[in-house]
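Novice: Keeping the supplied structure of chain A fixed, place chain B upon it in accordance with the hints.
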Amino acid sequence: MKKITILVLLLSSTIFCFSQNLFFTKTGHAYFMSHTDAIDIDGNNNQVTSFFNKENGEVVFQLLIKSFKFTLATAEEHFNETYMESDKFPKAKFKGNVMNMNEIDFNTDGSYKAKVKGRLTIHGATNEIEQEGIVTIKDGEISASSKFKVNIADYKIKVPKMVKERVAQTVDIEVDFNYELYK
Amino acid sequence: MKLKFIATILFFITLIFSASAQDLDALLDEETDEITDYSIATFLNSRIINGHSVEQMPKNGLDFRIAHRFGTFNEGGKEFYGLDESNSYFVLDYGITDRIMVGVGRATLNKLATGYLKFKIFRQSSGAVNFPMSISFLTSASATTKTYSDEVRNDDFISRLDYTYQLLLARKMNKVSVQLSPTFVHRNLVDTKEDLNNIAALGIGGRYKITSKWAVNAEYFYVNHSSLDKYYNPLSFAVSYQVSHHVFQILLTNSMPITANSFIGNTTHSWTNGDLRLGFNISTVF
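Residue numbers (our numbering), protein chains in the order written: chain A, 1 to 183; chain B, 1 to 286.
If we strip away everything but chain B, and leave its shape as in the complex, we get:
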């Protein structure tokens, strides 16, 4: 009787211990809190091709960017198929906080000086907090610093300013990311009476991630141009390669300008005429 009794106790003790041993796994999962999983790297870079993406530098991150657009292929052998001509754009981007990025830039075309601010409003997330897309706001200003032949215009600084406002709405779905960019451009002075001071545009861009290093990007802006038939909607395709702190993009586009105020409002070449040009973007993050 006594033996049986002790055996029963031992049995229960082992039972409890074996149960506790298995339970640690379950307890571990139970006590590991669900976190809010914010989408990262919706795009490889802070630009899709010409336009801004929802990506930006984290706090204290610095991005030095060089963009280059050549002339059109159909300029022929004499212009080395466009490669003799070029528009360069240098930009320094800096993350003041994880949500606020500022940048200054200089484009050779029209000797343009640019400055902008990008603000992250919402981040796409899953887990503890669910939100379907990332939303950022971009505001930028640019000044043409080239000398005009008209002296009156030369002295009128205000007339040299353009402003661009963009809402960037992006969603990452595994390897595919898409972005809509409703855009408003205001130009203080335009070339002719028929040109519009205010332009509305809708950008649609995306990328497909092939491997962790390679991606392809596409970007199109539908623009409500003036009645003048010399303006076209910009359409661009790019192959992106990321390694360490660098992103390289080689691209095909119909727009010579690179800054938002002018590639949206001032693209004067068309894919249908074969006015394509080669370009590249290089981003180096410090």
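Looking at chain A on its own, in the form it has when it is part of the complex:
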């Protein structure tokens, strides 16, 4: 009987522990910039969903391509219809892990370099990527951000010849998330 009690206690603590470790946000931010000498095209997406598991370092995020808002008036149509084909490929997604979880102290305020490795899916094409990000702990709140570059050819995004000099081959991406506990 005693043993069963311990078992139940242990199990429930594991479950409890798990629920204390999963963080999420629905209002994450993603930004991209295509910089060329001819023109800068950039867009913001403030509806990025992300989960981060503090226990095992698992991190995922997902966004809808159509939620991007653009500085340049006509960019939305070209972005969705010509380049991203967002009807065919509505989502972009990352699924990976923080590789150096032991270097991040979630109990002490500060900024920590995080090495993240995983699979990024854009435009229906998936690539293994390894990037650096920053995990910030402040008053027990976790936030994370990363800046990285994406070679659009890796994701089979085609650019018509006539506008080649107006669309960057390498696009700068920034993501940032302010996590809260997932209940």
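Don't read these hints as lab results, they were simulated from the structure.
Keep in mind the model is a prediction, meaning the values are calculated, not measured.
What follows is a list of derived Cβ distance ranges for each label pair:
1) B/213 to A/154: 21 to 29 Å
2) A/119 to B/8: 33 to 41 Å
3) A/117 to B/33: 23 to 31 Å
4) A/126 to B/173: 28 to 36 Å
5) A/91 to B/213: 20 to 28 Å
6) A/149 to B/77: 55 to 63 Å
7) B/213 to A/126: 21 to 29 Å
8) B/141 to A/182: 57 to 65 Å
9) B/4 to A/106: 32 to 40 Å
10) A/156 to B/230: 55 to 63 Å
11) A/91 to B/184: 42 to 50 Å
12) A/149 to B/36: 26 to 34 Å
13) B/117 to A/26: 32 to 40 Å
Glycine included, C-beta positions come from ideal geometry on N, C-alpha and C.
Specialist: Below, chain B without anything else, positioned relative to chain A:
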């Protein structure tokens, strides 16, 4: 016994963790909210061919448009098959908000000055909010600034004004878009007693998107003309090409006028007589 017990616990822990690992995918989809997916680019451009489409400039978008109509082919070699003659129309369109666009223009035919306002009432959407079509309202006024031989008419500014009101109802179905344009034109002064001051018309237009850059457009207006048999319904076909900030249209039409008040009420050539003309529209967005 003790060993078995620990093994059981370990088993459960791994079970929970493996379950949680798989679950993130499902959680991600669960927590990604459905958005309202508004149809964009029902047409490549703010005009189908002659008439307005439901498209308009977004806030602060500026569109400089040049339209050109040549003479008819059957004018023969002496007029270089119509290319010697031309009517040009220059327009500046500007998006005040994402829903309100204004424009001013100038056509060489009758030295016409035009101004209009287009308002987006509903947008076709799916997802969180479903609506089957885009609906816009267009109101425009134009003034003939040419000098008449009749001096009394010259001084009467009011008589130079025409007004056009249109409801634009469009639906995009993947590569095909169709639009109905119920139209009302009021002309303050017309040429003869038999001409109508008020004209009702129903426009039907469409486009078929061939690739992301190429499309074909067609446009027809059924007009309740006066009893005079010199007026015809305008029918136009165009091939559209879009690249970067430009849309080029090369077109075949029976109407020389380009502005709504006159291509609806004043098309005096007919496809059946071979009175076809070539034209083009160029739109450059800033």
